[in-house]
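Visitor: Count the sequence shown with numbering that gives the first Met the number 0 and you get residues 0 to 262, in order.
Read the hints as simulated data drawn from the structure, not as lab findings.
Values in this document were obtained by computation on a predicted structure and should not be read as measured data.
A few of these clues could be false.
[As the list claims (entries may be wrong)] Computed cross-link-like contacts, DSS-like style, restricted to lysine-lysine with a CA-CA straight-line distance of at most 30 Å:
id, residue 1, residue 2
1, Lys-188, Lys-52
2, Lys-52, Lys-65
3, Lys-163, Lys-213
4, Lys-65, Lys-213
5, Lys-188, Lys-65
6, Lys-163, Lys-65
7, Lys-188, Lys-213
8, Lys-163, Lys-188
[Unchecked claim] Here are the simulated distance ranges between beta carbons:
id, residue 1, residue 2, range
9, Met-0, Asn-190, 37 to 43 Å
10, Asn-216, His-148, 25 to 31 Å
11, Asn-190, Asp-129, 31 to 37 Å
Glycine residues also receive a C-beta, built at the ideal position from the N, C-alpha and C atoms.
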Amino acid sequence: MYNLTYVEGYRTPIREEIYVLDIIPLSSGPVTISSDQSLSAFNPAALSQGPVKSWQTNHGNVTCAKGLDLGGTVVCTAGEDGSVSLWDLRLDGQQAQVARLTGKMAGWRGVLCTAITDEDEVVIQAFNHDASIHHAAFLNDTEVYAVSHDEKLALYDMAEGYEKGAATTDFGDMRQVLGCQYIANVFAKANGAGAVIGAGTHDQQGFELVHLAKGGNGWALDRPNSVGLVGAHGSEIVRSFCFYDEAGVVFTAGEDGFIKAWR
0 MYNLTYVEGY RTPIREEIYV LDIIPLSSGP VTISSDQSLS AFNPAALSQG
50 PVKSWQTNHG NVTCAKGLDL GGTVVCTAGE DGSVSLWDLR LDGQQAQVAR
100 LTGKMAGWRG VLCTAITDED EVVIQAFNHD ASIHHAAFLN DTEVYAVSHD
150 EKLALYDMAE GYEKGAATTD FGDMRQVLGC QYIANVFAKA NGAGAVIGAG
200 THDQQGFELV HLAKGGNGWA LDRPNSVGLV GAHGSEIVRS FCFYDEAGVV
250 FTAGEDGFIK AWR
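Use the sequences and the hints to build the structure in full.
Guide: Below, the structure written as structure tokens:
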């Protein structure tokens, strides 16, 4: 294992307890969502100075966010009220919320085609993870990962020739596989060279980045070449992480209210 060093961080300077829920890597810099319902954009070269811009979301409780364009200007947020909002980060205040959608879907991980207008035809594929989903996303053009709230990880493939809805690779309970206490998330690498799993042990104040690589025999964990973040966010859980390979930096967000940079 290779360990990175904590170099810089920021925490909202107020007394009330705030969790940083997710961190999204945009080309313009990291963007976070927090339990105070804020969406914040940071300068990666001056993290400790705080957010460059911040907006207030209106989802009841914001739960997730994703970047939607390569220019690093559009972010999608969603929350517990079933709504989805699109934000143009070039704008200030509520003008930045350029679209808002509502709707709900429960129980399954679905792949939808937004070009299809018939709601009965919009679901291309559904995967039954047999547990409530914590995170799910594409690894490449056809393969999807899903992590449940009880830390079970499985991969699915929507390409022709695979059994519909069934896992192609089932890693099971990652707490047993990696000796961790929780999985923060899984991020596909931009160069297509697999993905990175973020695994934490909060009682040992540790966080580990484990490479998930695809070879001739399918997907496998590359544990010997993992990267450690010693101290992580103390005894608090790391809620999210992201990395910028070209800059050689990893950002983490935690329940201690901090966003941290590691090199």
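Visitor: Does the structure break any of the earlier hints, and which numbers would those be?
Guide: 9
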